[in-house]
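Here is how the chains run, residue by residue.
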Amino acid sequence: MALSDDEFEALVQQLQQNSFADARGAYGDKGFDRWRNPRYHESIAKPDGSSFLQGSCGDSIGISLTFRDNRVEQAAYRTDGCASSALCGSFTAELAIGKTPSELFALTAADVLEAIGRFPREDRHCATLAIKALQQAAKEYQRCRELPATDALPPSGTEQ
Amino acid sequence: MKIAVISQGKELDSQVDPRFGRAAYILVVDTETMDFEPLDNSGNAGAFKGAGIQAASMVHDKGAEVVMTGYCGPKAFATLQAANIKVVSETTGTIADAVEHFKNGSVTYTTSANADAHW
Chain V
52 MALSDDEFEA LVQQLQQNSF ADARGAYGDK GFDRWRNPRY HESIAKPDGS SFLQGSCGDS
112 IGISLTFRDN RVEQAAYRTD GCASSALCGS FTAELAIGKT PSELFALTAA DVLEAIGRFP
172 REDRHCATLA IKALQQAAKE YQRCRELPAT DALPPSGTEQ
Chain B
170 MKIAVISQGK ELDSQVDPRF GRAAYILVVD TETMDFEPLD NSGNAGAFKG AGIQAASMVH
230 DKGAEVVMTG YCGPKAFATL QAANIKVVSE TTGTIADAVE HFKNGSVTYT TSANADAHW
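Residue numbers (this note's numbering), protein chains in the order written: chain V, 52 to 211; chain B, 170 to 288.
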């Protein structure tokens, strides 16, 4: 049976409210509020290093950085992905602020997940992608400034 | 009749995008004339709310009777069902390929979502 336009609109609103409730359950208050009010989701006009990487799920995350005195001054993310990608991008940018390239290369997906708090297990690959995007942006900064690379190769057998 | 095909680009030779809510475009194709209208879905894809619900609502507004997609999550599916829009999932290839399959009658309508809920 076809719904009237008003009935359809009401149903869409209801589904959206249900969706918000589910998302709050999945990410907790901290993650949900960050998703709805994203921070570091902006474009940096002249980044010193930037990246845009596609993950295995088809979604991409990019990180842009500016540096002052070899420390991250501004950080921003962009994504065409879901809330999990957006949250990982936002918290990765937040963790990057004030860090040197060496400190950026020491960050891991676990650090991002810890910063977010609650996070769906099946989306943890988003944190790995965000960290890879961050480190690629840092590498670009080092390459453009002709600085020596400080990223160490991961020990063999380390899960990426 | 009008069908909506979830697309990576805005042409008939664009590839089908498997991701319903987060796809870049939705092509609404008239199966008789092959006239088509690319809908820019980036506003929904980048929105900080249910992308699938919003995309499904947009398809409804354009009067499409069928959606062809790769995946379709539970909320998008519920929205499409409420709008009496039939869903063909696991669609691959180009938009033109998908429309051709549809016109040949070699498609089956799905009765449930084929992806987990996502935000």
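For the record, the hints were derived by calculation from the structure and aren't laboratory data. Check before you lean on any hint, since a few could be wrong.
Think about it this way: if two alpha-carbon atoms lie no more than 27 Å apart in a straight line, the pair counts; the simulated BS3-like pairs of lysine-lysine are [what the hints assert, rightly or not]:
1. K150/V - K97/V
2. K150/V - K81/V
3. K272/B - K218/B
4. K183/V - K171/B
5. K81/V - K218/B
6. K179/B - K231/B
Partial selection, computed: residues in chain B whose CB lies under 10 Å from chain V [claimed, not checked]:
7. R191
8. A193
9. P207
10. G212
11. G215
12. I222
13. S226
14. G232
15. N253
16. N283
Ideal Cβ placement from N, Cα and C applies to all residues, glycine included.
Q. In ascending order, which of the hints set out earlier in this document are inconsistent with the structure?
A. Violated hints: 3, 4, 9, 10, 14 and 16; rest satisfied.
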